[in-house]
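Student: Sequence:
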Amino acid sequence: MPRSWEIGVDTGGTFTDVVCRDGTGVFHTMKLPSSRSDPSQSVLASLHRLGEEISLVPQDISRFIHGTTVATNAVLEHKGAKIGVVTTKGFRDILEIGRQYRRDMYEPIIEPQTPVFLAPGQMRKDVAGRISASGEVVEPLDEVSLRSAVDELVDDGAQAIAVVFLFAFINPSHELRARELIEKWHPGLAVSLSHEVDPTFREYERTIATAFDAYVKPVVDRYLHRLETGLAERGARAPLQVMQSRGGLMAGSIARQRAVRLFLSGPAAGVVGGCIVGASAGAPDLITIDIGGTSADIALISGGKPLVRSEGLIGPHALRVAMVDVNTIGSGGGSIARVDRSGSLKVGPQSAGSEPGPACYGRGGEEATVCDASIVLGYLDPDYFAGGTFKLDPAKAREAVERTIARPLGLSVEAAALGIHRVLNTQMAEGIRHVSVRQGIDPRQFALIPLGGAGGLHATALARELGIHRIVVPRLPGVLAAAGLLAAPVEHEVTAAFTQPLASLDLAAMRATLSELDAKAAALMKAERIEPSAVIVSYHADICFIGQSYSLEILIDPQRPDLVERVYEDFLLAHERIYGHATRVPAKVVGLRTVHSAGGSGTLDDMRLPPSGGEVSQAPRWIWVSGRDTPVEAQVLNRAALTPGFSFSGPAIIQQADTTTLIEPGWSGVVDAAGNLVLDSHPEAL
Numbered sequence: 001m002p003r004s005w006e007i008g009v010d011t012g013g014t015f016t017d018v019v020c021r022d023g024t025g026v027f028h029t030m031k032l033p034s035s036r037s038d039p040s041q042s043v044l045a046s047l048h049r050l051g052e053e054i055s056l057v058p059q060d061i062s063r064f065i066h067g068t069t070v071a072t073n074a075v076l077e078h079k080g081a082k083i084g085v086v087t088t089k090g091f092r093d094i095l096e097i098g099r100q101y102r103r104d105m106y107e108p109i110i111e112p113q114t115p116v117f118l119a120p121g122q123m124r125k126d127v128a129g130r131i132s133a134s135g136e137v138v139e140p141l142d143e144v145s146l147r148s149a150v151d152e153l154v155d156d157g158a159q160a161i162a163v164v165f166l167f168a169f170i171n172p173s174h175e176l177r178a179r180e181l182i183e184k185w186h187p188g189l190a191v192s193l194s195h196e197v198d199p200t201f202r203e204y205e206r207t208i209a210t211a212f213d214a215y216v217k218p219v220v221d222r223y224l225h226r227l228e229t230g231l232a233e234r235g236a237r238a239p240l241q242v243m244q245s246r247g248g249l250m251a252g253s254i255a256r257q258r259a260v261r262l263f264l265s266g267p268a269a270g271v272v273g274g275c276i277v278g279a280s281a282g283a284p285d286l287i288t289i290d291i292g293g294t295s296a297d298i299a300l301i302s303g304g305k306p307l308v309r310s311e312g313l314i315g316p317h318a319l320r321v322a323m324v325d326v327n328t329i330g331s332g333g334g335s336i337a338r339v340d341r342s343g344s345l346k347v348g349p350q351s352a353g354s355e356p357g358p359a360c361y362g363r364g365g366e367e368a369t370v371c372d373a374s375i376v377l378g379y380l381d382p383d384y385f386a387g388g389t390f391k392l393d394p395a396k397a398r399e400a401v402e403r404t405i406a407r408p409l410g411l412s413v414e415a416a417a418l419g420i421h422r423v424l425n426t427q428m429a430e431g432i433r434h435v436s437v438r439q440g441i442d443p444r445q446f447a448l449i450p451l452g453g454a455g456g457l458h459a460t461a462l463a464r465e466l467g468i469h470r471i472v473v474p475r476l477p478g479v480l481a482a483a484g485l486l487a488a489p490v491e492h493e494v495t496a497a498f499t500q501p502l503a504s505l506d507l508a509a510m511r512a513t514l515s516e517l518d519a520k521a522a523a524l525m526k527a528e529r530i531e532p533s534a535v536i537v538s539y540h541a542d543i544c545f546i547g548q549s550y551s552l553e554i555l556i557d558p559q560r561p562d563l564v565e566r567v568y569e570d571f572l573l574a575h576e577r578i579y580g581h582a583t584r585v586p587a588k589v590v591g592l593r594t595v596h597s598a599g600g601s602g603t604l605d606d607m608r609l610p611p612s613g614g615e616v617s618q619a620p621r622w623i624w625v626s627g628r629d630t631p632v633e634a635q636v637l638n639r640a641a642l643t644p645g646f647s648f649s650g651p652a653i654i655q656q657a658d659t660t661t662l663i664e665p666g667w668s669g670v671v672d673a674a675g676n677l678v679l680d681s682h683p684e685a686l
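Count the sequence shown with our numbering and you get residues 1 to 686, in order.
No wet-lab data here; the hints were simulated from the structure. Backbone N, C-alpha and C fix where the C-beta goes; we use that ideal spot for every residue, glycine too. Among the clues, some could well be false.
Stated by the list, open to error - In silico DSS-like links for lysine-lysine, alpha-carbon gap of 27 Å or less:
1) LYS520 to LYS184
2) LYS82 to LYS305
3) LYS184 to LYS89
As the list claims (entries may be wrong) - Label-pair ranges, simulated between beta-carbon atoms:
4) GLY410 to PRO284: 44 to 52 Å
5) ALA128 to PRO349: 42 to 50 Å
6) LEU555 to ALA534: 17 to 25 Å
7) ARG438 to PRO140: 43 to 51 Å
8) GLN41 to HIS581: 48 to 56 Å
9) GLY51 to HIS225: 42 to 50 Å
10) ARG49 to PRO140: 43 to 51 Å
11) SER344 to ASP562: 36 to 44 Å
12) GLY23 to GLN500: 27 to 35 Å
13) SER37 to TYR550: 39 to 47 Å
14) LYS89 to LEU507: 36 to 44 Å
Can you build the whole structure from these sequences, using the hints too?
Tutor: This is the structure in structure tokens:
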């Protein structure tokens, strides 16, 4: 066996997906239940399983890359660290005041729109000391009041401190001094500084970004420490790398210090994998939907590149951190179906997860889930779930659907199961419209890429509802996020505030600022042990119309002689595309950004799987599909045995170790040269 292994592990709410590539390019995959209490246990358990199945020796691992939901879950479940916030005198309540903007103006019960749970009133302190808007020290930092504030916060249980001083992004001297003193007074206490987390203007946005960083930093630090320790104890010497929200990798040691950049770590890897699959299928315009057991992550890829936003959403809260534009909804294979008090069928967002899991898992779950409905409808083989490593109980699935859904609604069990699927598909279709139609994009012009353990079961139904005519099912859809980890580059982004009108832009000052950013990014890449010659550098500017509140990120070339003209034209095009209009009025630069990246194959074309054996066709199965009053006979095909050029028509079930794909009547498919299933609809299917 080759003595070199690359491992990508993506931990979801229900399953942990593992992809292992050996030195010859052969891929090995597995899925195992996630451990909710400590996700690192599932990651470490995968090493034991790989040792049993393919004789992997941990000492021979050359790369170990991880996509994690630890940071996101800490926020969504309000299980982060207890933090204190220290601000400039007079600004202690900015976290609670926010922007006075409400998304739901007509809700009868108004919920808080700001993340006050991060630091309630008693956990926020202000101290004397002032920096001016030009960066001058107007009032020295009052170190006595700082000591008093920090001591009180620690006495009240603070495990981390977020320091947010006015105009620190221009002159960080007060924040740096505060950290020096806090670490002296309280060694080991986590500290987050606003000029390092979000060095740009807007006090509220900078405050919550820093508070979120402090909130998840101890959680992330403990988790990565457990994982690194566990890997070392098992003999793995490869440094841990972690996926960040922008779609690039960073070392685990750096991730501990930049914890806020781990939001959407797992979904970002799925989008990277989707880009690669789209390129291999000749489809640059894509919509990816990653359907796991707990949620569905939806992203739009245009021109072969994912959309990256400078601000994303974590739950209901906007967070100014660069993220792949992913819309996450609480709909997945483990979503619980129920009948509410008005007699309406609801699905999700509550999930059975992996503990106890759906009723068909036989682990004590009693509520009907989407997975149970899929068993009733004949879509899943109970003996071949997760490649046969996980046996399902169809009797328990049928009983749960009948007891909780069919009987209360007066329906047959099959009709109730179809209803569960219809409700879930409608919710996911609306999520796709959110990233497409609401941004002025027609989804019918895009191909759909389903991934995740449940993606293939819902692909044709979603495409039918949205009018999409082409679906590309990747070679390994169930573990594509884990595979995407192996193809992603190491990447670091550094930002600075820089405010000047475009018409009078000081090019020398702009280039000097970018040089400073380059030096900081280069230091991070050096910590990753990457040679400078291997680094690719790109520059970006945040542009807005003068008087406009929000900006757009525009790629720039600082050395172009016509830089100002080119940036302005590119900004107008971007504004027209995103907002539907653009006016030739003066614009300004409000921020600069440099991105350093290296490595990452950007392709999975070399993907080879172990010889599969087995027959192409298996025993046909009777299944229930939408729009039919009686079941239909579906051919069952073994995905591992399908070779390029193989064609088929629905109804069909495509089985493979990591997922199952449902091909409804009206769709036909062919295996392309890269091993993807390319599905096309017949006119009557849509």
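Student: Verify the CB-CB distance for GLN41 and HIS581 against the hinted window 48 to 56 Å.
Tutor: Hint holds: Cβ distance 52 Å, inside 48 to 56 Å.
Student: At the C-beta level, are LEU555 and ALA534 separated by a distance inside 17 to 25 Å?
Tutor: At 21 Å between Cβs, range holds.
Student: Taking 43 to 51 Å as the hint, is the beta-carbon distance of ARG49 and PRO140 inside that range?
Tutor: Taking Cβ atoms as reference, ARG49 and PRO140 lie about 59 Å apart, which means the hint is violated.
Student: Cβ-Cβ distance between GLY51 and HIS225: within 42 to 50 Å?
Tutor: violated (23 Å)
Student: Return holds or violated for the Cβ distance of LYS89 and LEU507 against the range 36 to 44 Å.
Tutor: Cβ of LYS89 to Cβ of LEU507: about 38 Å, so the range 36 to 44 Å holds.
Student: May I ask you to test the hint 42 to 50 Å on the CB atoms belonging to ALA128 and PRO349?
Tutor: The hinted range 42 to 50 Å holds for ALA128 and PRO349, with Cβ atoms some 45 Å apart.
Student: A range of 39 to 47 Å was offered for this pair. Does it hold for the Cβ distance of SER37 and TYR550?
Tutor: Holds, since SER37 and TYR550 (Cβ atoms, about 40 Å apart) stay within the stated range.
Student: Please test the hint of 36 to 44 Å on the beta carbon pair from SER344 and ASP562.
Tutor: About 59 Å separates the Cβ atoms of SER344 and ASP562, which means 36 to 44 Å is violated.
Student: For the pair GLY410 and PRO284, does the Cβ-Cβ distance stay inside 44 to 52 Å?
Tutor: holds (48 Å)
Student: Check the hint pairing LYS184 with LYS89 against an upper bound of 27 Å on the C-alpha distance.
Tutor: Holds, at about 23 Å.
Student: Just tell me: holds or violated, for the beta carbon distance of ARG438 and PRO140 against 43 to 51 Å?
Tutor: Between ARG438 and PRO140, where Cβ atoms are some 49 Å apart, the hint holds.
Student: Tell me if the beta carbons of GLY23 and GLN500 are separated by a distance inside 27 to 35 Å.
Tutor: violated (52 Å)
Violation of the numbered hints given earlier is confined to hints 2, 9, 10, 11, 12; the remaining hints are satisfied by the structure.
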